[in-house]
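Taken in order, these protein sequences are the chains called H and W. Going by the numbering used here, 99 is the number at position 99 of the first sequence; the sequence numbering is gapless. Residues are numbered in the numbering used here as their position in the second sequence, beginning at 1, plus a constant of 1000.
Everything labelled a hint here was simulated from the structure, so no lab data went into it. Here a beta-carbon is modelled for each residue, glycine too, at the ideal position from N, C-alpha and C. Some hints could be false.
[What the hints assert, rightly or not] Counterexamples of contact, computed for chain H against chain W with all Cβ distances above 12 Å:
#, residue
1, Gln143
2, Ala150
3, Cys156
4, Asp206
5, Gln216
6, Arg328
7, Ala421
8, Leu434
9, Met462
[Said to hold, decoys possible] Below, computed lysine-lysine pairings styled on BS3-like, alpha-carbon distance capped at 25 Å:
#, chain 1, residue 1, chain 2, residue 2
10, H, Lys215, W, Lys1119
11, W, Lys1346, H, Lys144
12, W, Lys1326, W, Lys1284
13, H, Lys146, W, Lys1346
14, H, Lys198, W, Lys1326
15, W, Lys1022, W, Lys1142
16, W, Lys1022, H, Lys215
17, W, Lys1004, H, Lys198
18, W, Lys1326, H, Lys215
19, H, Lys201, W, Lys1120
20, W, Lys1349, W, Lys1388
Residue-level listing of the chains:
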Amino acid sequence: MATTDLYEYPQELREEFEATEAIQFRDGSQATGADIWHYMTEVAPKKYPYAYTQRKYVDGRMSRDIHLPSAIKHNYLLLTMNDRINKSRENGSPVIFVQGGQSVDPYYAAGGIALRPASVGMWSRGRHEGLGLNEEVVRRHKQKEKAYHAISFEACQTAGYESIQEGGLPVDMVAPFTCLRCSDISYGVEAHRHGPNKTVKLMNIDYPMRHQADKQWAVEYFSDNLRRLTREIGKIAGREVTDDDLSKEIRLHNEGRRLAIDIAELWWSADVPPTNGLDRRHILQMGGMEIHGDPSASLTILRESKAYISERVKNGIKAEGVVDKPVRLFICGSCVRPNDFRIEEAGAIIVGNDNHWSDICTLVKEEGDPYQNLAHAILSYPYEQSVELRAAWTIEQLKKSGADGVLFLYQWGCNTQSAVARMLCDTIKRDTGLPTMIIEQHEGGSEQSEQLLNRINAFIEMI
Amino acid sequence: MAIKTLEVIRKRLEERPAELKKLRENGQKVVGWTGYNVPEEIIHALGFIPIRIAIGGDDRLVEVGGRYASSKNCVFIREIVGAFSENEDPFIQQTDILAFDATCLQNFRAAEVIEYYFKKDVIVLGVPRNFYWEEGKEYFGKEADEFTRLLEERAGVSLDLAKLGESVALYNDIRKTLKSIYSFQAAKDNVISWVEVFDLIQAVDLLDKKEYLALLHQTLAELQELQHNPVIEVDGNDARIFISGSLIPRGDRKLINIITSVGGRIVGDDIWTGILPHLDLDIKEISPAGVALGYLNRTPHAALPYLDLESDRRLKKLHELLAEFKAQGVIYHTLRYCDPFTFKAKETKDVLAKSAIPVLEIHTEYAGSDYEALRTRLEAFVEMIKIKAESAAEVTV
Chain H
1 MATTDLYEYP QELREEFEAT EAIQFRDGSQ ATGADIWHYM TEVAPKKYPY
51 AYTQRKYVDG RMSRDIHLPS AIKHNYLLLT MNDRINKSRE NGSPVIFVQG
101 GQSVDPYYAA GGIALRPASV GMWSRGRHEG LGLNEEVVRR HKQKEKAYHA
151 ISFEACQTAG YESIQEGGLP VDMVAPFTCL RCSDISYGVE AHRHGPNKTV
201 KLMNIDYPMR HQADKQWAVE YFSDNLRRLT REIGKIAGRE VTDDDLSKEI
251 RLHNEGRRLA IDIAELWWSA DVPPTNGLDR RHILQMGGME IHGDPSASLT
301 ILRESKAYIS ERVKNGIKAE GVVDKPVRLF ICGSCVRPND FRIEEAGAII
351 VGNDNHWSDI CTLVKEEGDP YQNLAHAILS YPYEQSVELR AAWTIEQLKK
401 SGADGVLFLY QWGCNTQSAV ARMLCDTIKR DTGLPTMIIE QHEGGSEQSE
451 QLLNRINAFI EMI
Chain W
1001 MAIKTLEVIR KRLEERPAEL KKLRENGQKV VGWTGYNVPE EIIHALGFIP
1051 IRIAIGGDDR LVEVGGRYAS SKNCVFIREI VGAFSENEDP FIQQTDILAF
1101 DATCLQNFRA AEVIEYYFKK DVIVLGVPRN FYWEEGKEYF GKEADEFTRL
1151 LEERAGVSLD LAKLGESVAL YNDIRKTLKS IYSFQAAKDN VISWVEVFDL
1201 IQAVDLLDKK EYLALLHQTL AELQELQHNP VIEVDGNDAR IFISGSLIPR
1251 GDRKLINIIT SVGGRIVGDD IWTGILPHLD LDIKEISPAG VALGYLNRTP
1301 HAALPYLDLE SDRRLKKLHE LLAEFKAQGV IYHTLRYCDP FTFKAKETKD
1351 VLAKSAIPVL EIHTEYAGSD YEALRTRLEA FVEMIKIKAE SAAEVTV
């Protein structure tokens, strides 16, 4: 791929960027602004040309808000995922595959690194250097196809099977919370039992259903699951995990969650959107402390982002590429989303989403038994409650974010969120009068289909 | 050689909705249940009339149900939701309370949808995914206590353990008798077919349990008179088929009809609406938790994940049943979007291939559009089994 086709960060930004805060890593090391600038402008374009594509509508295209340091730093952390995770593993931190919509405090408390499918995908992608966009997409699809073949073509997700079983990615354990957000999770974990990789440990952290947070026995059961989890990770990491380890980790993750909540409220309070939708989502997702495979690194960026966004809100700075008075969309549903660039081009902006946000904005009590506290908080995720309770929480988010409409998206093959879609939308319409639309989406393409975007554009136009 | 009692049972099933209506007018309540781990004895002991909500085969109801749930839910769940929407099924019409379990999470979602749109009174029993852990069993015991409490509230009485004991004894007798009858259908020169036994098993879902047991005993007596010593062995002319995978509920006979129409002889099953739920249910303690644990400790449903392939009891049971009924081939039936079974299809095929058992996966739904395609595939499969059996017989000679 000719390098002239690739995006280049403007050199005039260099000095300003290099003076920004360093990223502090969990192992005590750091990456200064200068290190990051060098990597993003000299190293990464050669290693990962696909990430620098100029094609506007590619899913995963990097943010062009170059005056927001966190956008560049976030991408730095994604592009260095392979190097960083390999280094951490060599230093004794096992990697555990988890799933979306869950917090990761116990995994880190036990000395592990918790990675969701998207992060495992980034790690896996990082092992293949020099690929252009099309080559990278073909590689990814070929790999995914192997997983569908080994599991089921009706699977909405494959629990990292393609990377862990077919791709040789050295994940140490597959141990997500089951039943949470997605009904296929436990089947995905189980599928690993027939794969060629016999060394990966498997465990389901069983999330009870139906009024679970109100049942003491459900809290105790889930708490027992968490204890078993930390014990098993501790065995791999070669350490005993104490209650104090978990308490400390909860405090650290609570800081991330609080920062994300503060940033969301700042963002929503602004007269004009202070960032584009893509950066808003990435920054808030850092509050889940999972996205970079290093909670300390995520915290550094969150703190810096809060300061930048405060400044933009105070000065009424509008993000580039966003129209004046955009239609404000809130996204509900499972792990898919519309393309932010296309949404903004159509005159709208995504102002929030329930997926992930539900767990990020659930703080964990810091006094008392950490396992019980964590179990209770996790079983209280609004996204996992009855339809009426979930709708009540969603409506609160709609009001806070000033949303004009709701898009409910679910992944093709998703049984569980698809079944909730109409109930949730009907309740939202009943209680707020806001327009809603339900869309089924198939993730995995580099660009979204015109049919999908036509429907969304018509919805935006209608609003 | 028709079994006379089967005719009586068919007639009683036709009369049953009107009978339920009368019983309800006299103050009794009907609990419609669905799930794999619903401890039905508790419902029965509390004086409710339990009936199972397991219907299928109607593509129109699938379409209707999909409008409330989604087109990505399995066809069985969509049909159930559709049936509540249309409210034309004579048994569903008679339900006062619904009891669903969360063995399959789509079942759990169906409960939510039915509760939300059709304002039904729904009780949900949580089921642990880590069902083999002690902690999982303890959780399930507590869920069973809660399930009982919610039913007691609706019954207006407390559960009497003596009555629970009577219900357990009644159901145990039903299970034992069913098992005895089941072996007749697989025997050489059988006087009852698997299809007839399958219908007989499903009648338990709807009839009064004491009456049903009496009819079962009568059926068994008839069978014993007609065939003193049933011997299960391979007959040269048979293609002995075992059905595994997704459930086949009342109303769905597409696959069964095709198999028999192309000359296959079904001799066994391990499906949720077949014999499997009635096997190996050992209730050690007469209490809600004790009954519930008996259910949980049976051969697990595919919706409950088990992480070690070598010691998987579901696959072990499948092998046991294949050997017991001398099956020569397996039809692995998966319903559209039935994740518990579709996710395991390739694995099951690989496992059975190691045991040199031919498998044909049939992925289908309730529409008739794939009928001829299925017929062609099943015909070829049955023919292949017959040729294989003939070749084996020639080698032996």
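Each hint tested on the structure:
| no. | hint | result |
| --- | --- | --- |
| 1 | Gln143 | holds, 17 Å |
| 2 | Ala150 | violated, 6 Å |
| 3 | Cys156 | violated, 8 Å |
| 4 | Asp206 | violated, 4 Å |
| 5 | Gln216 | violated, 9 Å |
| 6 | Arg328 | holds, 26 Å |
| 7 | Ala421 | violated, 6 Å |
| 8 | Leu434 | holds, 19 Å |
| 9 | Met462 | holds, 22 Å |
| 10 | H:Lys215 x W:Lys1119 | holds, 24 Å |
| 11 | W:Lys1346 x H:Lys144 | holds, 16 Å |
| 12 | W:Lys1326 x W:Lys1284 | violated, 31 Å |
| 13 | H:Lys146 x W:Lys1346 | holds, 12 Å |
| 14 | H:Lys198 x W:Lys1326 | violated, 33 Å |
| 15 | W:Lys1022 x W:Lys1142 | violated, 35 Å |
| 16 | W:Lys1022 x H:Lys215 | violated, 38 Å |
| 17 | W:Lys1004 x H:Lys198 | violated, 55 Å |
| 18 | W:Lys1326 x H:Lys215 | violated, 47 Å |
| 19 | H:Lys201 x W:Lys1120 | violated, 42 Å |
| 20 | W:Lys1349 x W:Lys1388 | holds, 18 Å |
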